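Model the placement of chains X, B and F on the given structure of chain V, informed by the hints.
Protein chains in written order, with numbering that gives the first Met the number 0: chain V, 0 to 308; chain X, 0 to 308; chain B, 0 to 308; chain F, 0 to 308.
These are calculated hints, taken from the structure and not from any lab test.
Treat the hints with care, since some could be wrong.
Where chains are identical, the list cannot tell them apart; a pair therefore holds if satisfied intra-copy or between any two copies.
Derived DSS-like pairs: lysine-lysine, alpha-carbon spacing no greater than 30 angstroms straight-line [claimed, not checked]:
1. LYS292 <-> LYS103
2. LYS165 <-> LYS292
3. LYS132 <-> LYS165
4. LYS103 <-> LYS132
5. LYS48 <-> LYS132
6. LYS132 <-> LYS292
Computed from a prediction, not measured in an experiment: that's the story for all the values here.
Protein chains: 4
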Amino acid sequence: MSRIRTDLALESSALQNVTGEIAGILMRQQQFGEVMETVVEIINERGAKALGRSIGRYVTLACAALSADELEPRDALVSRLRQTITSMVPGCGDVLVIGLGNRKITADSLGPKVIDRVIVTRHMGEQTPPGLKGRLRSVSAVAPGVLGVTGVETAEVVRGIVEHIKPCAVIAIDALAARETQRICTTVQIADTGIDPGSGIGNHRMALNRETLGVPVVALGVPMVVYAATIARDALSLLAGDLGFDCDKHAQALDALVQRVVDEQLGDMVVTPREVDERVANIAEAVALGINKALQPDLHEDEIPLLMH
Amino acid sequence: MSRIRTDLALESSALQNVTGEIAGILMRQQQFGEVMETVVEIINERGAKALGRSIGRYVTLACAALSADELEPRDALVSRLRQTITSMVPGCGDVLVIGLGNRKITADSLGPKVIDRVIVTRHMGEQTPPGLKGRLRSVSAVAPGVLGVTGVETAEVVRGIVEHIKPCAVIAIDALAARETQRICTTVQIADTGIDPGSGIGNHRMALNRETLGVPVVALGVPMVVYAATIARDALSLLAGDLGFDCDKHAQALDALVQRVVDEQLGDMVVTPREVDERVANIAEAVALGINKALQPDLHEDEIPLLMH
Amino acid sequence: MSRIRTDLALESSALQNVTGEIAGILMRQQQFGEVMETVVEIINERGAKALGRSIGRYVTLACAALSADELEPRDALVSRLRQTITSMVPGCGDVLVIGLGNRKITADSLGPKVIDRVIVTRHMGEQTPPGLKGRLRSVSAVAPGVLGVTGVETAEVVRGIVEHIKPCAVIAIDALAARETQRICTTVQIADTGIDPGSGIGNHRMALNRETLGVPVVALGVPMVVYAATIARDALSLLAGDLGFDCDKHAQALDALVQRVVDEQLGDMVVTPREVDERVANIAEAVALGINKALQPDLHEDEIPLLMH
Amino acid sequence: MSRIRTDLALESSALQNVTGEIAGILMRQQQFGEVMETVVEIINERGAKALGRSIGRYVTLACAALSADELEPRDALVSRLRQTITSMVPGCGDVLVIGLGNRKITADSLGPKVIDRVIVTRHMGEQTPPGLKGRLRSVSAVAPGVLGVTGVETAEVVRGIVEHIKPCAVIAIDALAARETQRICTTVQIADTGIDPGSGIGNHRMALNRETLGVPVVALGVPMVVYAATIARDALSLLAGDLGFDCDKHAQALDALVQRVVDEQLGDMVVTPREVDERVANIAEAVALGINKALQPDLHEDEIPLLMH
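Just chain V, with the same shape it has in the complex:
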């Protein structure tokens, strides 16, 4: 069937068939409490071509229980977030956190919402509270807005800030589209590759990575929507399968059908949980906590939430 839009390396259809050192793609999974961690490593151009993604490491933390208003899943997720970010960001030096997306569109607001809760310290200098002196890493955090609202390319705003601050690394937060609805607000992807053009809900036109910014870029994303067209495709696949239909033989006919549903009715529609506003707030809180724990290892467990505002 036709290509499905997803920003998760884990959901790439090619991944199911082609892994192994020869193919250039390594994949391993491990359960940590409520969190299933999947690491996809693309080690050469061959793998990059097969998955349509840059060479690098893609860590996916899936925590289906996250939506259930319980304590443990969140703690497990935050813990893995901290470890993954720590493994991708240099141990010292200024860090710049960028919240991509549009604050006023709920499904695209993850980045700005995380930024609101990142502990920002770069400006403190002399004004650091006495009890915190010597224990804070220099962090700045900006939500640069989106092209459609500001009229300025996001990447250009970020580039200007990077040139001024000269951080040792950038962490870019973005809302993603996924293939499966269960991933919405329950899965986090962290990649050391930066952000590709055209990815994310906001469809950035320029990449944010080491090539464009000159420093390592860690991309952290959470699926917020599934495109409605994906649901239509899934329904058709299921039906075809159930009716003993030969999908390979009729692939073109099915693709044409999906296209008709999309054109006639679905357009730019997305599938999302009804209570997405609350769930994006929860996952933003967890992501920010993970980032803060990774970037401020010298703060006590109890100090971090207080400083998050």
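For chains X, B and F alone, coordinates are given in the frame of chain V:
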């Protein structure tokens, strides 16, 4: 196929087949500029049973061009809103406007957002600005919250207020679910029947109508979502049709398939435009303007937007 | 000098001179960590007349260090809030929490902001999460809005809800005006007397107390503003004192002066911290936590913040 | 008495005494309907030194009636805003609008709120709606946040954007402090000098002007607060005057007194209208409308509000 969830009388599947005085359902359509007005009248129990709705008049104002950032469609819609509301609400006496739904869930926030812009005058009395004296009808407006947030049945809160104010009519605003995605934020249904239990996105448990409140209740709703299950059903229908499949014969099999898609993946998911936050704000503005023009006929054209805040 | 507007019993000018059993007013203070607790008890009509307040117990929790972004002061305040509320609310039965004030005026938004974080359970019934069954007290929470926005008297909305729910007690949250700027967002007053008409920033016209609602009402308030006129009065007093001016002799002249400053320039102006938005969020969080701990004693320490949303 | 903090050139105490060509300061006033326009021109270094401000033109539009919920004052203000901005910005070329301040602190949120309503067109290119082609000037609009929240100097973010866009002019919006409470949300100052370091509520550390950005900068500000210390000073002045006190003789004693009131009680407190949230929204709407009319002269009267969102 199995029953599709919709709050629009216009989309009732029965409507396509059964109209006419004998069936108890009258239907007529008229184009007003960019707005297509459809009036469905259920005139007896027979019609009520066929459509699964109360006896009464359901006016649907559809304005597909509304999303296109143009002036005329909005003006046409506001004008029809004013006329329809005027035709359903007594010409004098206190009016109470109720904004149903959850302010913090975008797809359910239409009611509270409209309430924010309704001109409220009941409390003014002596403090009415001199220039407005004698020209204002007494209006109050309350967003009572939802059961899941307050722990109190919405209808009970409304009943308490009605008993105190004793209005001549209640206008209840609610976000709806529709069958077709094109209706989202482009269609308004106004009914003189009040609100049924289980309708609206919030699924109110108790009816808001003349029986429960003791005064006429005008229900005004706008579709905000389509249930994701509906998309799956549409895709299957289309496929079945295209493949020369006999839907009637395999109805049960198709229903079972849809159920599987829903159970496995769609759950409580809804389909919505990506930029729903902006579109609900726009339609709330238009609805409030229509209500204000209907309830405050003695205000000048230019005074109303200013008083809307 | 002329009477200063304050909602804190602790700041009543009469209190400084007249206490003791004969006067009908008892007062005691105790330090709990960072929190200074002052209990003013008005035990008879004589005391009530002297202070211009109802007979009852007024507990003031002052925590000047609260604004300093530290952990301990907040914990100490939450702990005293829990104990005070527990001592004023019956040990079992439904509780209704009312958030007075206008959500859209920052200085008046404390009540609605607290309501957003109170754990609401009354509607759960069968749907209580399995792990919480038998451990939750029935609580509902409503922010009824203000007369100027809804056109309906707040107290009438509350009365309707009370008649329906028949709670064993009402807790009413309100933003207050104080005499001293240091009290803003750092002091909480909890009184078992309910709320008087004309108190709070919103100037409610009808009392919320046992007489009007038929059940005990605990009033919980936090100063959010000092009226600008108060600052002018303080400056004049200070000057008069410093210049060896006999205030008693020139009291009328001073009063007239203050009136002129107020009329000419201050009107409805209030004095408030520049970052009041952030501080009201912080104190609302602490107040909600205190209420939740008092009303849900069977929840574990860690469960409460998660359920607060 | 000691220097009073104000960001309005019009309120400079020196201005009252020293104007004229020799002094280097020209001042003229004209009434336009409800709006009093005052133009202060500083024409040489002597005038600059006397007022403590840069050489340039400061236009103040005062509209006391603005708070009265009437139509005409707003229209008059918008009209003068358009004309003043038109006179300060080149007739063609890209314009960058910068909204300074902290969106989450109401008193400091004017800049971001105006930005939300400026018509942004720079990114449209091919996607310009057909009806608008050839009629839109290229405009971009950014709210860069404040140092205390992002950790990055605002001016550096702006400089990066200016270097990328190379606009013909920058318009910088900011919330100001004034000396008189009547100015709050009723007065707009537009200056062709850019923004000085230390001005505005947010106290920017670096200037935004032609020297630092390389292009002309128009500074547009609205007073949002009066520092509470100012009120204390006013009260003392008034008292001293009334009591036949020789202010010049006792200036030091008065200054010391004010300092005591400030130290003991006022600190960082500000005086603001109780309903500042609503009033900042109203003035932001008027300012954005004035900017849009100035920058998009080829749009029809009715099109502009619709495009403002």
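So, going through the hints one by one against the coordinates:
Taking CA atoms no more than 30 angstroms apart as the test, LYS292 paired with LYS103 passes in both settings, with 27 angstroms inside one copy and 25 angstroms between copies. With identical chains, the CA atoms of LYS165 and LYS292 are at most 30 angstroms apart within one copy only, with a shortest distance of 22 angstroms there and 40 angstroms across copies. When the C-alpha separation of LYS132 and LYS165 is checked against a cutoff of 30 angstroms, the pair qualifies only within one copy, where the shortest distance is 22 angstroms, while the shortest distance between copies is 40 angstroms. In this assembly of identical chains, the alpha carbons of LYS103 and LYS132 lie at most 30 angstroms apart only when taken from different copies (27 angstroms versus 36 angstroms within one copy).
Within a single copy, LYS48 and LYS132 get their C-alpha atoms no closer than 48 angstroms, and across copies no closer than 41 angstroms, so neither meets the 30 angstroms cut-off. Taking the shortest alpha-carbon separations for LYS132 and LYS292, only the intra-copy value of 17 angstroms comes in at or below 30 angstroms, while the best inter-copy value is 34 angstroms.
The structure fails hint 5 only (numbered hints given earlier).
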